[in-house]
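> Chains as they are written, first to last, in full-length UniProt numbering: chain A, 1 to 361; chain B, 1 to 361.
What the hints contain is simulated information worked out from the structure, not anything from laboratory work. Don't be surprised by glycine CBs; every beta carbon is placed ideally from N, CA and C. There may be inaccurate statements among the hints.
As the list claims (entries may be wrong) - Beta-carbon label-pair distances, calculated as ranges:
(1) B/GLY122 / A/MET204: 33 to 39 angstroms
(2) B/LYS139 / A/GLY61: 53 to 59 angstroms
(3) B/VAL323 / A/ASP285: 33 to 39 angstroms
(4) B/MET288 / A/HIS169: 25 to 31 angstroms
Number of protein chains: 2
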Amino acid sequence: MSSEPKIRFGIIGCADISRKVSRAITLAPNAKLSAVASRTLEKATAFATANNFPSEAKIYGSYEALLDDPEIDVVYIPLPTTLHLKWASLAAQKKKHILLEKPVAVCATELDQILAACEANGVQFMDGTMWLHHPRTAKMKEFLHSKDGFGELKTVHSCLTFAADESFHKENIRVKPDLDSLGALGDVGWYCTYSILWAADYEMPKTVIATPGAVISDAGVILACGASLHWGDGKSATFHCSFLTNMTSTITALGTKGTLQVNDLVIPVVEKEASFVVSSNTKVDDLMTSWVPAPSQHVVSTDLPQEVCLIQELSHLVWEVKVNGGQPDLTWASRSRKTQQILDAVKVSIEKGFQTVEIGT
Amino acid sequence: MSSEPKIRFGIIGCADISRKVSRAITLAPNAKLSAVASRTLEKATAFATANNFPSEAKIYGSYEALLDDPEIDVVYIPLPTTLHLKWASLAAQKKKHILLEKPVAVCATELDQILAACEANGVQFMDGTMWLHHPRTAKMKEFLHSKDGFGELKTVHSCLTFAADESFHKENIRVKPDLDSLGALGDVGWYCTYSILWAADYEMPKTVIATPGAVISDAGVILACGASLHWGDGKSATFHCSFLTNMTSTITALGTKGTLQVNDLVIPVVEKEASFVVSSNTKVDDLMTSWVPAPSQHVVSTDLPQEVCLIQELSHLVWEVKVNGGQPDLTWASRSRKTQQILDAVKVSIEKGFQTVEIGT
């Protein structure tokens, strides 16, 4: 609706993912695509043209210039991970609310500096994990919270991989140690770890052990790895992430009474409809030849793609701060930090030859 | 067809699973339910009546008596695992072909004695892993062998669990250390391990590491555990098996070019139709908002349930030996042994505090 208040977004960095986020900002009913910055004006102009920016949107040839624009509320930062500390901190100092691409930092210590800057400046922080905002995710959580249908969570397995092509392996920032030192762990592993935490209601595991056999590139970047996570109450989880196998995006959560299975968690197979499969109190029939009851598939439709839901939710939170004088919602920062902490621990475990690593606080 | 030659089966032990196998023998076109033995004649009689044995079937009050019957070709042995060595060896000595329930032995050393008895007496050996004989399994294998569709296998995850009820935890042989010392590892873990080996074309891993957090009962029996398996070429696999969570039966195999996913591997949800999902060379669309191409589901129908296919296949192999003077097919024994070896290694790893264990030969 044209009468709905709009939060003004600026984007610093014309990464591929910025195209998807630009469209999401355009489609969100309470957000507005207001500016883009690149290191050159030419690149920013080309990006704005290619991505249907409104004619009144501003085009900047430097990130600083965009951050100095008082008519921007939120800055989306898709820059290489090693640049997050500098630019997210500066954005916060300039009183910009922040949408930060994942992995949010090279380590939790750097993230803490970013979050401190956000807190000191009273700005909202959210990372770019889109699937969390799909309405399917809330429906799945209802199932996981159902005492009779799912019971107590015991085990989770999460897997996200894609087969990177030759040019990715040569040029992508995610395989450059100076740009994205966590490699596949920070990229696809971010989603695996976050999904496990999500299933566990963000209760932190006590220990992490990387699975032997992590694949490390000649440049020292993780191309594939996995780990198991262990909680004090006996819950456990495993994940596998990789740039080396066909696209796969699963989560299986096992409870004492039920099972949740999703095979397209991070990006749904189709944009406006996503499904999940649950089974509860499953037995076999008398001769053990079939399941009783059969698992059931639940389809969740959404008019707004998940990344639009993210922009909408973030804009709502920013509106609360900007217009209603509310405090930033720290939920999202806390979840990002927990995810980052686990990634850090997995990395240490790999570096220490797959030893058990206690999760820090 | 009535003209088809029939292999004559005897069953020693009236376990629950014997009911399913009795029906399978009845339904298999080349097999015949010829005898049942229990430790008492009453129990064997009641079993035969309840399971529609033909009127001419023989009822025995001791296992020995059935083994001495010259009109039995194959003996099905569903006895507790600790009794397998004694009864399978004796059956082989009596020149009976053998269908042995899983886990086939308490350890590979005992299995070797059983297999030696089979070899010395020229009898066919097969274990009771039913899903291997479902026509879906061959279709899935075609996909895994497709160079363009699946590429090279890199990782497998397999999971089989069911929520055992109170009476199971009190009384079932699978939680009694003197009857089935491998617990959940030998029961549901058998299938996980076998399915991983199946995906890897029975190439043996070099090492195994049990995942910390295995749940052991007061009696010392494994109720839930997992492990990772590692091959010399970098392939890896993980599995999780448990008596403590809702029924779940998945395998996900990841190749360089494709993914195979099945959510009802061990027992299909319905008896005469089973499906699997594959994706090949999966990309996302230009804005990373959907999968191209979408995964595809393949449905495989079968007139004969998987356990009937097993009986049919075994009967065919026995016919080759009995009538055509052929040699026993050692394929099945070899696969059983590899599975058992891995279970042994996982158990040692658990006992050694989740250390890496080299797989023996």
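> Determine for every hint whether it applies to the structure shown.
The hints, checked one at a time:
Taking the beta carbon of each, B/GLY122 and A/MET204 are about 60 angstroms apart, not inside 33 to 39 angstroms as hinted. At roughly 57 angstroms, the beta carbons of B/LYS139 and A/GLY61 sit within the given window of 53 to 59 angstroms. The supplied range of 33 to 39 angstroms is met by B/VAL323 and A/ASP285, whose beta-carbon atoms lie about 36 angstroms from each other. Checked against the given bound of 25 to 31 angstroms, the beta carbons of B/MET288 and A/HIS169, roughly 19 angstroms apart, lie outside it.
Hint compliance for this structure: hints 1 and 4 are not met, and every other hint is.
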